[in-house]
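*Asks:* Protein chains in written order, with the numbering used here: chain A, 41 to 798; chain B, 41 to 798.
Misleading hints may appear alongside valid ones.
Note that identical chains are pooled: a pair holds if it fits in a single copy or bridges any two copies.
[Claimed, not checked] Using 30 Å as the maximum straight-line C-alpha spacing, the simulated DSS-like pairs for lysine-lysine come out as follows:
hint, residue 1, residue 2
1, 464, 796
2, 442, 329
3, 442, 59
4, 746, 625
5, 572, 489
6, 462, 709
No wet-lab data here; the hints were simulated from the structure. Nothing here was measured: the structure is a model prediction, and the numbers come from that model.
2 protein chains.
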Amino acid sequence: MDNLKVVGKKIPKIDAPLKATGAALYIQDVKIPGMLHGKILYSQYPHARIIKLDTSKAEKLPGVRAVVTAKDMPPNFRIGIMKDNPPLKSGKVLSIRDEIAAVAATTPEIAEEALSLIEVEYEELPGIFDPLEAMKEGAMLIHEEAKSNILKMPWRLICGDVEKAKQESAYIVEDTFSTQWVTHCCLGTSGCVAHFDMHNNLTMYSNTQIPSLAQNDFVEALNAFGLKNRRVRIIQAVIGGGFGSKLDTYAYEYIAILLALKTRKPVKIIFTREEEFFATSPRQCTITKISHGCDKDGRLTFRDVEMVLDNGAYTSWGATTPSVMMLPISSLYKVPNVRYIAKCVYTNNTYCQAMRGYGNPQATFAIESSLDQLAEKAGIDPLELRRINANEPGEITPQRFKITSCGMKECIEEVYKRLNWKEKRGKDNGRGVGMASLIHVGGGARVYKSDGCGTIIKMDDFGKVDVFTGASDIGQGSDTVIAQIVAEVIGIPIEDVNVINNDTDICPWDVGVHASRTTFVAGNAALGAARKIREQILEAAGKILDEDPADLDIKDGMVFSTKNKEKSTPLGKALRKIHYTLGGKMLMAEYFYDPANENFDKEFKGNLSVSYAYGAHGVEVEVDRETGKVKILNYVAAHDVGKAINPLLLEGQIYGGGLQGIGYALGEKMVYQNGRLMNGNFLDYKIPTAKDVPPIQPVIVETDEKDGPFGAKGIGEPGLVPTAPAIANAIYDAIGVRIKDLPITPEKILAALKAKDK
Amino acid sequence: MDNLKVVGKKIPKIDAPLKATGAALYIQDVKIPGMLHGKILYSQYPHARIIKLDTSKAEKLPGVRAVVTAKDMPPNFRIGIMKDNPPLKSGKVLSIRDEIAAVAATTPEIAEEALSLIEVEYEELPGIFDPLEAMKEGAMLIHEEAKSNILKMPWRLICGDVEKAKQESAYIVEDTFSTQWVTHCCLGTSGCVAHFDMHNNLTMYSNTQIPSLAQNDFVEALNAFGLKNRRVRIIQAVIGGGFGSKLDTYAYEYIAILLALKTRKPVKIIFTREEEFFATSPRQCTITKISHGCDKDGRLTFRDVEMVLDNGAYTSWGATTPSVMMLPISSLYKVPNVRYIAKCVYTNNTYCQAMRGYGNPQATFAIESSLDQLAEKAGIDPLELRRINANEPGEITPQRFKITSCGMKECIEEVYKRLNWKEKRGKDNGRGVGMASLIHVGGGARVYKSDGCGTIIKMDDFGKVDVFTGASDIGQGSDTVIAQIVAEVIGIPIEDVNVINNDTDICPWDVGVHASRTTFVAGNAALGAARKIREQILEAAGKILDEDPADLDIKDGMVFSTKNKEKSTPLGKALRKIHYTLGGKMLMAEYFYDPANENFDKEFKGNLSVSYAYGAHGVEVEVDRETGKVKILNYVAAHDVGKAINPLLLEGQIYGGGLQGIGYALGEKMVYQNGRLMNGNFLDYKIPTAKDVPPIQPVIVETDEKDGPFGAKGIGEPGLVPTAPAIANAIYDAIGVRIKDLPITPEKILAALKAKDK
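Let's have the full structure, built from the sequences with the hints guiding it.
*Replies:* If you want it as C-alpha cells, here you go:
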C-alpha cells in the first residue's frame, strides 16, 4: 500500500475540465433531429375533483403535435414502488403537483402556450396536510381504495426488551424532535428525451441515478402500452447533481414516452427551476418521539423511537427511508435494547423521495440531540458519554450488523482534540461546542435483489484502457475513483484510463447510485476486472522476461521484475507481443461484483452492508442572543473512510455534505401551506452558497476495510448526517436552549430564549 | 445443424429499415456544435512545380477560420504504406489529385469560395502516365529521392521449375491481358469530422473500414504534431459502401485533423461526388503476360506470369494486391510449377488502392482467359480442362495453402448443368457460353501482425444481449450475420441481439473489413463469446432444473432438458435466478479470435488463410455482330460458401459481386488522359444499374468448413472475381474473337471482328 502510485493521491476529477469549460453535455443539451418539446399541466389545487378537461383549443394551436391526458395512458397503469401513482391523473387530483395533461410541440414556447389553452374545471376538496391529522380515526382517505392513510409498510424493529431496560435504567430522557421538508437543489434540473426507433424500441436520454432499474421500469411501461418484448436503452447525459432525487422514474418520463409514441418523434421534457422545486420529490418531514436510557456509568441501556413520516400523496423510495433510519437507531453507539416503530402517512402534500443520507439525518438528529439530553441528566460530559458507548470493530449490533472496521473512537478523539473540546465546552458565554456521530452503510446496501455492479475492461496495444462500468457519476466523482483503481491495479497513468458510464447498451448492470455504494461496489467490480487484465499481462510478461509472473510488477507503464530490476519491458511492448502472435489477443476482462451483504429478514434484521462508515462532527458556534443568528466558528468533520482513494474528492464530499447539512440545520425548508409550496425558487429557498462556507476541517481516519477496494468504504452520504444535531448540541452549550425542530432559525432561537427567560 | 433456428435463415439485414427510411446517420449527417467545414485545394496539373502559393486573400474572407498548406504540417510527415505521401504537398505536385492547401470555414460555401481566392502559380512539368515508359532506363523519376520508378516491393513467387515444365509440356499458350482503372463508386462519399477535446485527445468520425488501424495511424500523426500519448477514438458513421476504398487513411483526414488543431473546433470534410471520383484511389490497371502449359491429357504443367501495375504517384494498399494475385496464380486449379513476378510502377497518375477482390479479378482475368486458349490448343473442352485440374479438399498448393473444404468441382458441375453447357457450347451462332472459376481467401488472411477480432457480449435479465464487435458493417451485412450467430448459440430470437460495431472506445480490436474475413473471423469471435454465455446459462440452469448441463439446450428463449422436455424454464427466469442471488451476476463474456493462418514467409509462401472459398461462374451471351453489343442471357454464379449463414445476404453478395464484375467486364473504365480523369461523374462513368441486371442465378454450394462459424467461409469478394473472364470466354465461344483488354466494349468487339474478317 505504501507503494501506491495513483490510489490515495489527490487527483482532480477527470470530468472537471469538461464541466468547467461548458463542454459537458447535460440533458438540456441533447438535441435530436425532429425533436419535439413536451410540457406538463399540473393541478391548480392540492385536492380537487376534475369536472371538465378540454384540450381542443390546445390541439388546434399551430405547432402542437399532441395533447395527452389520462385517457391516453394505458388504463390502470401506475408508477412508484406502491403502484399508487398514475402518470396522468383523472377524476381526482391528490396534490398540487398532480399531472393532468401534457403537450408536445415544435418549441417549448408553443407547448407552454398550449398548456394555457387547456380548459380545466375543478371542484376543490378539503385536503389533509398534516400526517397526524391523516392518521386519525375517521380521517378522509387520500386514496379511497386504500383502507387507511397509513401506508402498508410495517416498519417495526425490536431488539432486546426495551420495557425491561427502561425499568433498569439509571437515567432516562424522552423528547420529540421534528424535521422539515428539504429538496435536493440539483443545479441540473430534471429532464429526459424519449425516442422510439422504427421497431418501437425506446432510447431514453435521462439523468437517472438508476439506469438499470429505470430500464426495467420503462420495459414494464412499454408492456403496458402493448409494446411487448421491446428494447429500452438508457443514455445518461452528464448529470448535474442527484442526491437521491433521481432514484426513481417519474411521471414526466412516462409522459415523454407517451408523447413520443403519439407523435413518432423524439420528445424532450425539461423542468424549469420552478418545476424542479414543486414537482420533484423532497426529503420528507418527520416527527420523532425518542427515549434513551443509560446505567449509572453512562452505558446506554435502551433506545425507543416512534416516528411519523409525511409521505405525501404518492409513494416513492422516500417511504422506505425508515429501513435506513433503523441503522443509526439500532446501531449508533452500543445499545442493547432497541425499539423502532415508524409510520408513513399519506397526505395531500407533495410526495417524498430519497435524499442523501436516506433518513439517517432525520434519525440522527433525534438520537444525537436526545443523547446530549441524557448526558446532561446523567451528569456526564456528552463527548465522554459517546466515548463510553462508541462502536468497535468486531461488534455485532442488535440489528445483526457485523462491524468489521470501525474508526468511531478515533473520529470522536479527532473532534475532541481539534475542537479543543475540554477548553471550549460549558462556558455559557454565547459560544459553545457540540458534537454528534454517525453510522452509515459503507459497503453497499442490499435493498434490491442484487447489490451488484459489472465492469468490462479492454486494453489497446499501447496500454490505454476503456472501462465500461455500471456506476453512474452524478457528480460525486466515481469515474475518477474507478479510473484510479484501474490505473493502480494495471500499473498505468490515470490519463490512460477512459471510463464509460452512461449507456445501458454498453455498461453492465448496476443497481444504481445510492447508499454510498459506488466506490465500494463499483470500485470492487473495477478492481476485479483490472486484476484479470493484470494477471494476463504478468503471465505473458513472465514469458517475455523469463520470470515467474509472481515476481513481476507493473508501475507507470513498465513491467519489471521485483527481484531483478534490470529485467523490464514497456507495457505497450508486452501488449503488442501478446496481441501480435499467432493465437494472440487483445486484453479484455469482465467482472461482476456483488457484495456478500444481506437483505433484511422479516424482522428487519441482517447484515445490510458488508462494511459500515463512521464519523463524528464537532462544531463550535457563536450565537447572537439579540438576533438569534448562529455563526459557525469551527467545524471538524472526522470520517472513517476505510482508505482514502482520492483525498481531494473525499474532502469534497465532506465539504459538500457538511454544507448541505448546515443548510438542513440552519436554514433550508420547503414552506408548504395547505399543500402549496410557498418558496419554490432560489430567492426564497436559501441554500448555503460559497459565501456561507464556515471553516470546515475535514479529517480523514483510515481503518483499512478488508472488503473494500484498497481498503475503502463508501463516503458519499455521511457528510451531512450528524451536522444538524452537532450544531443543535453546540447551540445548547452556547446559550442553553435546545431547538428540537429543524431548521434552527433565528426566530426559533429567539423564541426559545424568550421562553427560557420567562 | 438441422435444428438451426436463426443461422441458415433468410433474415433481412437488421439495419435495412434504418437505411430505407433515411434514419441511418451517415458521415454527412454528423453535426457537432461549433463545427467548421473544410475544403481542399488540389493541383491543377498532374506534374508541376509550385512557384507561388498565396493564401492571404483566402484568410481574409469572412467566415474563414484557417487556411493551411504544407508548411503547417509537421515536416517530413508522410502517410501511406511506403510513407511517400505528404498530406499537403509543397515544391512539386505529382498527380492531379495532389492536395496543396485547405480551408476551414463556417460553411462549406465559404470554404469553397476561399479556395478560389488561393493564388497558385505552377511551372508545368512533363509527366509519365504509362508504367511501361516509367520503367524504362533513364526515365524521369517520379519521386526524386527514390532510385527507380519501380517500387521496392519484390513481388516474386517461384514454385517448382517453370522452365523445365515448359520443356515438358504438350501444349503451351502465351498471351498478354490488360485491365483498366475502375473505382469503387460508393454511394456514400468519403468524409470525416475531426474533433479534439481539451486534452488534445482526438475523436474522428469516419467511414473507415479499418477502425483499429486508423486509430494507430492517427496516434502516429498526433505524435508527429507533437501531441504525444494522446487517445484517439474512431466513431464510424453508417458507411455507404466500402469495397476496399476505405482501407487506408487519407490526406483529407490528416488535413481535417490539422484544421481542427488550428481552429480548436470540430472540422468536417465531405467529398463531393467529383472529388470521390478523382481524389480517391481506384483499382489499378495491370498488364499481364501469362503463359500456361499442360500435358497431353490436359493436366496443367506450369503457369508463368509477369505483371506490371500502374501504382500512380503515391503508395497505398493497391501496391500490395500482388500478394493476393498470387493466390489464383499459384493455386487456382492444380498447377505444380508457378512463376509470378510483378512490378508496381510510379507514374503521375492517381494512386491506387485495394478494391473488392484485391487484385484477384485482374489475375483471374488473365488466368482464365489463358486457360480457354490452352483448352482450345489442346483440343479439350474448356470446362473439361477445368474439371481435370480442379482443386480438391486436402490439397496443399505450391504456395503452401492448405485446402480444407473445397467445393470447386461441385461449382463447375453446377455451371455445366445450369448453363446447359453441352448443348450451348461451340455453336458459333452469335451465342456462346463461357466459364471461369475462382479461389479466394475464405478464412481470414494474415496480412497484418494479427488477423484477429474481439467480441464482448453482455446479457440483461430478460435475455436481451448487446454484442460489441470489432467488425465493421460497411453494407455487407456483418451485423446481421453476427446477430444470427449469437442468437443461434444462445438460443434467442435475433430481435434480442443488439450489435454495436462503430466505436473504438467500445468495440474490441479488429484488423479491418477486408479479405472477405468478417463472417469468418468476427463470426468466430462472436461464436466464442456467445458460447461462453451459453455455458454459464446451462450451468446455472442445470442447478435450477436439477439436470446435467450437457443434457440442456436453449431454443427460442426457453432452456429445456433434451431428455425430458417437461423440464424447462424460460431463459429470462434463469437469468434472473443467476443474477438475483447472493454473489450473483449478470452474464458477460469476452472472446478474441485470431485464426491459425500464417503470414507469408520471405518467398511469399505460407497458409495465408485457414480456409479458401471457391466458385465458378458460367455465362451465356449473345453478341450483336453489327453493334458489338453483348447481352447476357444467363448467368450462373456457383459459390462454395462453407455454410450459408444467411442465404438472403449471401445471394445479395453474389448478385452485387456479379453486377460489379459485369461492370468491370463490359463497361466501367476511368478514362485518364495525361493524368487527368476525363469521366469523373456518374453520367460519363457508367456502372450497371438495376435496369442492367441480367438473369443471375446464385447457386450456393455448402461444404461445411471445419474452422468456420457454423461451417461458413468468407464470401464478400468472390462474386466479381471470375466474371470478366467468364464473359470474355463466352464471347469467344459466341463470335470467335477474344478481347484481352478490359472493359470489353462494343468498339473493341467490332474492331476485333473486323481484324478477324481480314
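*Asks:* Can you give me the call for residue 572 and residue 489, within, between, both or neither, at a CA distance of at most 30 Å?
*Replies:* both (26 Å within a copy, 24 Å between copies)
*Asks:* Is it within a copy, between copies, both, or neither that the alpha carbon of residue 442 lies no farther than 30 Å from that of residue 329?
*Replies:* Within one copy only: 27 Å inside, 85 Å across.
*Asks:* Since the copies are identical, ignore which copy is meant and state whether residue 464 and residue 796 lie within 30 Å (CA to CA) inside a copy, between copies, both or neither.
*Replies:* within (23 Å within a copy, 119 Å between copies)
*Asks:* Go through the copies and call it for residue 442 and residue 59: within, between, both or neither, with a Cα cutoff of 30 Å.
*Replies:* neither (40 Å within a copy, 57 Å between copies)
*Asks:* Which holds for residue 746 with residue 625 at a C-alpha limit of 30 Å: within a copy, between copies, both or neither?
*Replies:* This pair counts as between: shortest inter-copy Cα distance 22 Å, intra-copy 34 Å.
*Asks:* Cα distance capped at 30 Å. Does residue 462 pair with residue 709 within a copy, between copies, both, or neither?
*Replies:* neither (34 Å within a copy, 96 Å between copies)
Figure legend: structure checked against the earlier numbered hints; hints not met, in rising order: 3, 6.
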